[in-house]
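Peer 1: If you're matching them up, the sequences are chains A and B in order. The opening position of the first sequence corresponds to residue 1 in our numbering, with each subsequent residue numbered one higher. The opening position of the second sequence corresponds to residue 1 in our numbering, with each subsequent residue numbered one higher.
In case anyone wonders, no lab produced these hints; they're calculated from the structure. Please read these numbers as outputs of a predicted model, since none were measured by experiment. Among these hints, one or two may not hold up.
Simulated DEER-style distance windows between Cβ atoms [stated by the list, open to error]:
#, chain 1, residue 1, chain 2, residue 2, range
1, A, S65, B, V158, 43 to 49 Å
2, A, V30, B, A517, 49 to 55 Å
3, B, I200, A, S65, 49 to 55 Å
4, B, E220, A, V30, 17 to 23 Å
5, B, P502, A, S65, 39 to 45 Å
6, A, V30, B, S27, 43 to 49 Å
7, A, V30, B, V234, 57 to 63 Å
List time: in silico SDA-like cross-link candidates among lysine to any residue, alpha-carbon distance up to 25 Å [claimed, not checked]:
#, chain 1, residue 1, chain 2, residue 2
8, B, K501, A, R76
9, B, K324, B, L605
10, A, K26, B, L9
11, B, K152, B, R649
12, B, K152, A, R76
13, B, K85, B, H66
14, B, K59, B, L9
15, B, K85, A, A56
16, B, K85, B, T293
17, A, K26, B, A223
18, A, K26, B, N84
19, B, K152, B, W652
20, B, K85, A, E52
21, B, K85, A, P59
22, B, K85, A, E68
23, B, K458, B, W238
24, B, K659, B, Q149
25, B, K152, B, L605
26, B, K85, A, A62
27, B, K569, B, E670
28, B, K501, B, N84
29, B, K501, B, V269
30, B, K85, A, Q24
31, A, K26, B, E220
32, B, K659, B, K85
33, B, K569, B, Q149
34, B, K85, A, T37
35, B, K85, A, G22
36, B, K85, A, V38
37, B, K85, A, E48
38, B, K569, B, D143
Backbone N, C-alpha and C fix where the C-beta goes; we use that ideal spot for every residue, glycine too.
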Amino acid sequence: MRLETEVQGCRVAGVQAPRPGGAQAKLRTVLHAALRTVRQVAGAPDYERYLEHHAASHPGRAPLSAREYYADFVSRRFGAGPSRCC
Amino acid sequence: MRRFPSVALWVGVAALGAAGFAVLALSRGESVNAAWLLVAGVASYVVGYRFYSRFLALKVFALDDHRATPAERLNNGRDFVPTNKWVLYGHHFAAIAGAGPLIGPMLAAQFGYLPGTLWLVAGVVLGGAVQDFTILVASMRRDGKSLGQMAKEEINPVAGMAAMIAILAIMVILLAVLALVVVNALRRSPWGLFIIACTIPIALLMGWWMRSFRPGRVLEASAIGVALLLLALVAGRWVSLDPTWARWFTWSGTGLSWAMIAYGFVASVLPVWLLLSPRDYLSTFLKIGTVLTLGVAILLILPPLRMPPLTRFVDGTGPVFAGKVFPFAFITIACGAVSGFHALVASGTTPKMVTRERDARLLGYGGMLMESFVGLMAVIAAATLEPGVYFAMNVPASALGPTAETAARAISQWGFTLHPGQMEALARQMGEATLLSRTGGAPSLAVGMASILGGVFKGPGLALWYHFAIMFEALFILTTVDAGTRVGRFMLQELAGHVWKPFGRTSWYPSILVSSALIVAGWGYFLYQGVVDPLGGINSLWPLFGIANQLLAAVALCVGTTILIKLGKQRYAWVTLLPLAWLAAVTLTAGWQKVFASDPRLGFLSHAQAMAVSASPDAARLIFNDRLDAALALAFMAVVVVVIAASAREWWLVLSKRKAATVNEAPYVESAYATGD
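Isolated chain A (complex conformation) (with noise of 0.2 Å):
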């Protein structure tokens, strides 16, 4: 995985890198696919798209703890103005 090499010392969450090849690994795959779509459908916050953009866009910089950025995603999100209709 790119990113555990990239981002040192973070578990990225919900993923165990898949051995290559093998129909377990393509099952884990899609199955990763598929939460993270129901996470952002959800607005669920999203460490492991997080890190990805932290290690493409400001590479050298530790980014944040798993427990940092959800408290950081939940004051953006809930912080201010309505997020839900009646």
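Fit chain B to the known structure of chain A by using the hints.
Peer 2: The following block gives chain B in isolation, referenced to the frame of chain A:
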């Protein structure tokens, strides 16, 4: 010649839709199948999407995939994130759909199923979806600015201030009326109350899980939350059957309204991660799951519509709420046809996540079509009830009398049939003590949903489905109460911050406590008065909510029209002016009638006059409330007039070249996502 198959296809779709409407409108006497309603609605949506939204996207807004969206330019991996359009569609839909599109059509069913259906379909294609789409595009081109900011910058500061006050006022009335719906659904219902009470510890557990135990694991926590919720649903039956437990969870309306008020205050003061965000996730999953299941169930059983297309109550004598079909059908059904509240969501999270400009067509226009479809499902749920049962559930006790016998007599006078034993049998089936005069729409929606869902998935039984439906509605209404109180608090803090600086600091505790208390007191007052109102509360509060919501839509359409004119697209300004004119006519007529009508059931002031000569011990309080409601309705109307006048002045200045037409769009940046077309 190559175009022929496509033309034939679309003519066919249009003809199918027309046939659907013809069957709905022309049937007399015999019952019509819900399939016709779905055919009429879906064919109209598809035609509207294919042609009208395409026209809006290409000609009116000139959406351009080469122009980078804020999600691309400002991508921060957090709130600005380019998102797959189908994923964002689901997300946007979950944000705009709530209890509104379900409750409104249920109440409006007193006119029969036809007015609601026509308004849901025509309103969304020409109004609601246009509004959502326009505001989404406007906000997307302004880095995700909010409706209030856009009103201030594009029209003028007066309109901005009016929009802000309108949003605050609609929030207070919205929270009061939704809380009233929940109170009416849970009063003297130990099963229902037990489940809803359980959602609080479940949310706290989820909050702790996602914050401290397994940071950020929302899906995990939500799965546990949903499982516990279903457990509470099943356990609720035992609670309702055990005399001691049942006594604990049998609450009166006033007791419940105090509990709601206390809950709203606490939820607004607590940190968001503890209660608000877990509840939000829980209700999002439940909402998407239930809407999909209900849709599938309706398609599988295609129930017959037992309600007539039109009832005699179009003349304004309706017992559920007073007022003629015009303007009150268009006020009662706001969400699902045109909902001003969506302008807040369309200028909130969604515009920051759009990858390509043209995705906005699916999100803004298409998202609203889906909400309208949810409204049609509510119409179907209402129309599958026998009319007698529908009125027995939705008419307040003041008109039905205290017993099943008096209710049956009243209903037969209106020309519908109800056997005295029928309601008792239905209540037993649904696991409730009584279903008479359970106003507010939620219980009758739950009965409709239970009969549809229970008809397909027979295993759990009707009582379980009924309480599932109650849980589904109450859960996301309570989520709105949490979030709305908090948003109201922020807005109040911002407004008060102009007067006294420290109050504007949103994290300063004295300011948090005072502003939360004020907002809760605002909606709590209307809620409590609604609960003790002899006419049932819905009669005065729901129209006020509808007027406020449509008023906000008028503000949004003013912003849209102004932007179109400033862009030099005045020849297309009718796309927003047409729905604006309609909404202005509807809100002003309805507001006027609610204040000045001579029928005391309809007009606030004539009701106050009638109370003044009555011997009722509550007369003084009722008179005060009538005057307060009248003042509120007048204030809403004043805001509409101010915003329209301010906008019209701006249009005239720009069109007569007295003022340079400048829009505040973010600069054009070439997109890296453009595929070339």
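Peer 1: All hints, please: hold or fail.
Peer 2: Comparing the hints with the structure gives:
no. : hint                       : result
1   : A:S65 - B:V158: 43 to 49 Å : holds (47 Å)
2   : A:V30 - B:A517: 49 to 55 Å : holds (50 Å)
3   : B:I200 - A:S65: 49 to 55 Å : violated (29 Å)
4   : B:E220 - A:V30: 17 to 23 Å : holds (19 Å)
5   : B:P502 - A:S65: 39 to 45 Å : violated (33 Å)
6   : A:V30 - B:S27: 43 to 49 Å  : holds (48 Å)
7   : A:V30 - B:V234: 57 to 63 Å : violated (33 Å)
8   : B:K501 - A:R76             : holds (23 Å)
9   : B:K324 - B:L605            : holds (18 Å)
10  : A:K26 - B:L9               : violated (40 Å)
11  : B:K152 - B:R649            : holds (14 Å)
12  : B:K152 - A:R76             : holds (23 Å)
13  : B:K85 - B:H66              : holds (16 Å)
14  : B:K59 - B:L9               : holds (24 Å)
15  : B:K85 - A:A56              : holds (22 Å)
16  : B:K85 - B:T293             : holds (23 Å)
17  : A:K26 - B:A223             : holds (24 Å)
18  : A:K26 - B:N84              : holds (22 Å)
19  : B:K152 - B:W652            : holds (17 Å)
20  : B:K85 - A:E52              : holds (20 Å)
21  : B:K85 - A:P59              : violated (28 Å)
22  : B:K85 - A:E68              : violated (28 Å)
23  : B:K458 - B:W238            : holds (20 Å)
24  : B:K659 - B:Q149            : holds (20 Å)
25  : B:K152 - B:L605            : violated (34 Å)
26  : B:K85 - A:A62              : violated (31 Å)
27  : B:K569 - B:E670            : holds (23 Å)
28  : B:K501 - B:N84             : violated (41 Å)
29  : B:K501 - B:V269            : holds (20 Å)
30  : B:K85 - A:Q24              : violated (29 Å)
31  : A:K26 - B:E220             : holds (22 Å)
32  : B:K659 - B:K85             : violated (38 Å)
33  : B:K569 - B:Q149            : holds (22 Å)
34  : B:K85 - A:T37              : holds (11 Å)
35  : B:K85 - A:G22              : violated (31 Å)
36  : B:K85 - A:V38              : holds (13 Å)
37  : B:K85 - A:E48              : holds (20 Å)
38  : B:K569 - B:D143            : holds (21 Å)
In summary, the numbered hints that this structure violates are 3, 5, 7, 10, 21, 22, 25, 26, 28, 30, 32, 35.
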